[in-house]
Each structure stands twice: as structure tokens, then as C-alpha cells.
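**Student:** Start from the sequences and build out the full structure, keeping to the hints where you can.
There are 2 protein chains.
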Amino acid sequence: MRSPQVRPAEGLPSRVTIYEVGVRDGLQNEKTIVPLDVKAEFVRHLEDAGVGVIETTSFVSPKWVPQLADAADLLAELGESGRVRTRPVLVPNPKGLDRAIEAGVSSIAVFGSATETFAARNLNNTLDGQFDMFGPVVERAKAEGMWVRCYVSMCFGDPWEGDVAPEQVVSVARRLMDLGCDELSIGDTIGVGTPGQVEAVLDGLLGAGIDLDRIAVHFHDTYGQALSNTLASLRKGVSIVDSSAGGLGGCPYAKSATGNLATEDLVWMLHGLGIETGIDLEKLVETSMWMAERLGRPSSSAVVRALGARG
Amino acid sequence: MRSPQVRPAEGLPSRVTIYEVGVRDGLQNEKTIVPLDVKAEFVRHLEDAGVGVIETTSFVSPKWVPQLADAADLLAELGESGRVRTRPVLVPNPKGLDRAIEAGVSSIAVFGSATETFAARNLNNTLDGQFDMFGPVVERAKAEGMWVRCYVSMCFGDPWEGDVAPEQVVSVARRLMDLGCDELSIGDTIGVGTPGQVEAVLDGLLGAGIDLDRIAVHFHDTYGQALSNTLASLRKGVSIVDSSAGGLGGCPYAKSATGNLATEDLVWMLHGLGIETGIDLEKLVETSMWMAERLGRPSSSAVVRALGARG
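Chains as they are written, first to last, in UniProt numbering: chain A, 1 to 311; chain B, 1 to 311.
Hints listed in this document are in silico derivations from the structure and should not be mistaken for laboratory results.
Accuracy of the hints is not assured; some may be wrong.
Copies of the same chain look alike in the list, so a pair counts if it fits in one copy or across any two.
Stated by the list, open to error - For lysine to aspartate or glutamate, the following DMTMM-like pairs were computed, each having C-alpha atoms within a straight-line distance of at most 25 Å:
#1 Lys-283 - Asp-163
#2 Lys-142 - Asp-211
#3 Lys-283 - Glu-161
#4 Lys-236 - Asp-203
#5 Lys-236 - Glu-199
#6 Lys-31 - Glu-293
These figures come from a predicted structure and were not determined experimentally.
**Tutor:** Structure, rendered in C-alpha cells:
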């Protein structure tokens with residue numbers, strides 16, 4: 001394993017927080033339901049590898065996402081009542097928030113849309129209506145002392161609407177922050193964005209008075225652009241990056257590959273740039289290889305494949 | 001298909017020349033020997049898609065690389081005596097140059113090493129000795145009026161030596177230019193490099209008086225870093241990038257994945273950044289899907305997979 005450089009390159013953050021989505025976003029998209037004990041072991045392995053923030057599950061309706069029907073049981077199995085800032089849980093609606101509060105969760109994420117069509121299809125709402133829906137959820141979560149993240153989907157392109165204007169993303173993001181969210185995750189849900197668009201959106205967010213330390217980026221590798229877009233974000237000062245251990249969340253061997261950026265590939269770049277992550281890459285690779293065996297197919301992470309071949 | 005932006009982002013080149021290596025480097029690494037007529041059709045499809053420079057074959061010994069034993073026949077089949085600047089041919093040694101001259105080739109590439117161990121293993125020579133070997137080849141090629149490129153391998157890491165000092169890469173590159181080479185291709189042969197290293201090497205080359213328009217970059221996606229490293233190179237002003245249609249040159253499904261950067265993934269980023277390439281991406285994707293069918297396995301290009309799934 002190559003040793004990281006001592007100091008980060010000029011203009012880059014010295015440390016990046018990786019927000020790990022493989023357990024929730026990854027396993028949610030698996031065809032099979034992963035057993036609770038495997039999920040819990042996955043979380044523990046990731047934590048042992050130094051992954052600081054792990055989105056652990058979602059209080060979505062089990063009818064919609066049977067893969068995560070064990071949300072409350074998983075949190076109970078993991079212990080500490082989930083009352084740690086480092087294990088956020090996705091909450092899609094007021095009912096999900098009820099369940100999160102009951103489970104003793106201390107940090108949640110909600111899932112908004114930058115486009116009208118995705119708001120209709122994914123939230124069964126309108127672009128404006130989503131704020132009426134999220135408003136009471138965020139307000140109550142904050143009153144409960146929770147930390148709240150908000151995903152903004154389709155920030156760089158939408159399968160139905162095509163290009164998305166940066167101004168529209170900024171407007172949605174600003175309104176979500178005004179509701180009281182602590183952090184935004186700016187998502188390229190279909191993976192079509194390129195670095196110039198990323199810079200335009202980030203410039204817009206900063207221009208709208210949103211602090212850099214409240215902005216995370218979330219890129220998909222559908223068109224191979226995730227890591228380049230991340231690099232462009234780092235150069236703008238972003239220091240929170242979403243990624244998925246082993247690239248879980250989309251099968252590279254399926255025709256409709258929609259994989260998340262693999263945490264290992266991200267860590268390889270960050271450590272190469274001298275940026276601290278707190279992650280032990282060898283342990284992380286071992287974890288993803290272990291999980292790939294459980295899922296019965298190879299990891300889509302290039303680093304996992306490359307280092308796995310050496311072992 | 002998304003329409004490119006009108007103007008390139010600040011500080012980036014307005015146009016990039018893609019040096020296509022899929023026909024030579026890609027097919028050389030296939031287990032099966034691709035028939036001559038398929039190779040010729042591949043080259044013609046690529047040219048029809050607007051790919052400007054295509055490394056067409058190699059005059060390497062057929063004993064070592066039987067996949068390219070048809071080098072002279074392929075050039076004859078393609079016509080124009082190969083006497084165009086846009087169809088360079090790899091030439092490993094004086095004997096290869098004899099064959100290239102006989103075939104009427106007008107531009108060649110030679111293949112050097114930035115490290116002692118790779119010079120020993122790949123060139124059966126020493127780091128210093130390679131200049132004695134290439135010197136007469138380059139001199140004779142130039143006397144014949146040829147254009148000469150030189151690859152420099154292992155510029156960012158070596159499987160036996162580990163890290164490679166930027167100063168060593170610069171020293172090798174400078175000596176190759178002093179032999180009379182027209183263009184350098186700075187290669188990350190094992191795909192381990194990250195953007196900070198890329199910037200350090202490029203700074204070193206420019207500091208040694210090598211012109212920007214003589215520097216190409218050649219990245220492998222073994223650790224998922226190829227496109228990020230390309231972006232870092234573009235920001236340094238590099239405007240010649242090596243890539244491989246469909247990512248040919250390493251099977252992503254094999255454990256020892258060593259794929260070249262896929263031309264389609266590169267073009268997606270460049271067009272998104274408003275950088276001209278002269279390439280029709282839809283035609284290129286069709287070509288790579290056609291070639292993938294001939295090879296009997298899916299393309300490793302994310303863009304080919306994503307757009308292919310839509311078709």
C-alpha cells in the first residue's frame with residue numbers, strides 16, 4: 001500500500017469527512033434482503049476501518065423497501081440506541097420520524113428533489129410542495145435535538161427534464177437550509193454531471209450564503225465522472241463527500257449501472273493528495289471483499305479489485 | 001445526448017486531441033487474435049466517429065505479440081500506405097523500424113521506461129541503456145521524415161520499485177526529447193497515480209523546458225484514478241490525452257484489471273467542460289458496442305454501458 005504524502009496539495013482541504021452510504025443506499029438496492037446480522041457486522045467492520053459517518057438504515061415503509069424493514073432491529077442490535085451523531089438514518093416522512101424518535105436516533109437525513117419531475121415521481125409531491133412536507137419533519141427533528149441532513153437529488157441532470165439550471169438547485173438548497181437543515185448533500189443522482197457544472201452549482205451555493213462546511217457532494221459513477229467531480233469539489237473547498245464501500249448501490253455488471261462512487265477509490269485519491277480521512281484503506285478493502293462474498297458478486301470498486309487481486 | 005457547453009471552463013484548453021490506443025494497445029492484450037478485417041473495420045469506424053489519431057498497430061516481433069502479426073497487412077488493407085500523421089505505429093527496435101519504413105509509415109511511437117526495473121523487464125536493457133537503443137531508431141526515423149512519439153512508462157509508480165520520483169521522470173523525458181522525439185506520452189502504467197503527483201511531474205517537465213504541446217498523458221483506470229488525473233492534467237494545460245475506445249486493454253471482469261481510460265468516458269467529461277474533440281460520441285459508442293460484440297464481452301466504459309442500456 002502506498003504511503004500518503006505528508007501535506008495536502010495547495011488549495012485542498014487537509015481533511016475530508018466521508019459520509020458512507022453503502023449500508024443504506026447500497027443494501028437498499030440489492031435484489032436480495034441481507035440478513036440483519038450481516039448488516040450489523042458490515043457496520044462494525046466499517047467503523048473498525050475508521051469510517052466516521054455511516055448512514056445506517058432508513059425508516060421508509062417496508063412495503064416500499066423490504067430490504068430495510070429491519071431498521072429498528074438493526075439499530076437495537078448495534079446498540080448505543082443509535083444516539084450517536086455518526087450513524088444517521090434516512091427518514092422520508094413524518095411517520096418515519098416517529099419511528100426514528102422511538103428508536104432513539106440522534107441524526108437523520110431527508111431526501112429532497114431539485115426538479116419538478118423527480119419531486120412528482122419520487123416524493124409524490126411538487127417542487128414547492130416538498131418544503132411543506134419537509135418543514136414539519138425538520139422542525140420536529142430539530143426540537144428533538146437531532147442533527148438533520150438534506151439530500152438534494154438531480155442537481156446536474158434529470159432523466160425527464162435533461163439539464164438542470166444551477167439557479168434552480170441553489171433555490172431549492174437555500175429553502176432547505178432555511179427550514180433548518182444542518183447539512184446539504186448535493187447529488188448527481190443519474191451521474192451525468194461534469195466538473196464545470198459542479199463548480200457552477202457550488203459557486204451558486206456559496207453565493208447564496210450557504211457555508212462550505214455544510215455542503216456535501218454525492219456523485220454517481222454511471223458515466224465514470226464521480227471522482228473527477230469530487231476533485232472539482234475539493235478544489236472549491238468542499239470537505240464532506242458521500243461514497244459507498246465497494247461501490248454498493250448499483251451493479252456494474254447490469255446494463256443499468258448506476259453505482260455510487262466507491263469509498264475505496266475516493267480514499268485512494270484523497271490519501272494520494274495528502275488529505276486525511278481517518279480510514280485504514282486495507283481494512284476497508286477487506287470489509288468490501290467480505291461483503292462482496294456475502295452478496296455473491298465482485299465489488300465494483302477499482303481499488304478493491306486491484307488490491308484484492310494482489311492478496 | 002447532452003449538448004456540450006459553448007465555451008470551455010476557465011484555464012482549460014479549448015480543444016483536446018485524443019490519441020486513440022484501443023486498436024493497438026487494446027487488441028494487443030486480447031487473448032484471442034482479432035481477424036484483420038475486423039481490425040480494419042474498427043479503425044474505419046473510429047475515423048468515421050471523428051477520432052483523429054489512431055495508433056494502428058505495432059511492428060513488434062510476432063513471436064512476442066502474435067495478436068499484431070498482421071501489422072503490415074493491416075496497413076496495406078487500410079490503404080494510403082499508412083503515410084498519414086494520424087495513424088502512428090509502435091516500433092520497439094531497429095528491426096521494427098525497418099518494417100515500418102518498408103510499409104510506408106509516416107509516424108511512429110517508441111516505448112521507454114522511467115524506472116530501472118521496468119527497463120530491465122520490458123526492454124531487456126538498463127535505464128541508461130535505453131537511450132543508446134532508441135537513439136539510432138529516432139535518428140533514422142527523423143531522417144526518413146517521420147514524426148516520433150515516445151511513451152514513458154511507470155511515471156507515477158512501479159510494481160517493483162514503488163514510488164517514482166518526479167525528478168527521475170523529468171530526467172528520462174528530457175533525454176528522450178534531446179534524442180529528437182516530437183511528443184512524449186507520460187504514462188501511469190499501473191494506474192496508481194493521483195492528481196498531486198500528476199501536477200508535480202507536469203511542473204517538472206515544463207520546468208525542464210519541454211513544451212506543453214509536446215506532452216500527452218496516458219492514464220490507466222486500475223485504481224479508478226484515470227479521469228481525475230486527466231482533469232488535473234487539463235488544468236495544467238495539457239491538450240493531448242491517450243485513451244482507448246470502450247476501455248479496451250484490460251478486462252474489468254478479470255482480477256488483474258488494468259484497463260486504459262475509456263475514450264467515451266473522457267469525451268463525456270471533455271464535452272461537458274465545453275472542450276472540443278471532433279468526436280461524435282454516439283457514433284463512438286456504437287463502434288465500441290460493435291467491437292464488444294466481436295470480442296464477446298461487455299465494454300468496460302461506463303458511458304458505453306450507460307448509453308448502451310438506453311438504446
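**Student:** Taking the hints in turn, state whether each one holds.
**Tutor:** Checked hints:
1. For a Cα distance limit of 25 Å, the shortest separation of Lys-283 from Asp-163 across copies, 22 Å, qualifies, whereas the shortest one inside one copy, 39 Å, does not.
2. In this homomeric assembly, Lys-142 and Asp-211 come within 25 Å of each other (Cα to Cα) only inside a single copy, at 19 Å, whereas the closest approach across copies is 57 Å.
3. In this homomeric assembly, Lys-283 and Glu-161 come within 25 Å of each other (Cα to Cα) only across copies, at 24 Å, whereas the closest approach inside a single copy is 41 Å.
4. Proximity of Lys-236 and Asp-203 under a CA criterion of 25 Å is satisfied in both settings, with 8 Å inside one chain copy and 22 Å between copies.
5. Taking identical chains as interchangeable, the C-alpha atoms of Lys-236 and Glu-199 lie at most 25 Å apart whether they share a chain (7 Å) or sit on different chains (17 Å).
6. When the C-alpha separation of Lys-31 and Glu-293 is checked against a cutoff of 25 Å, the pair qualifies only within one copy, where the shortest distance is 15 Å, while the shortest distance between copies is 28 Å.
Going down the numbered hints, you'll see the structure goes against none, and every one checks out.
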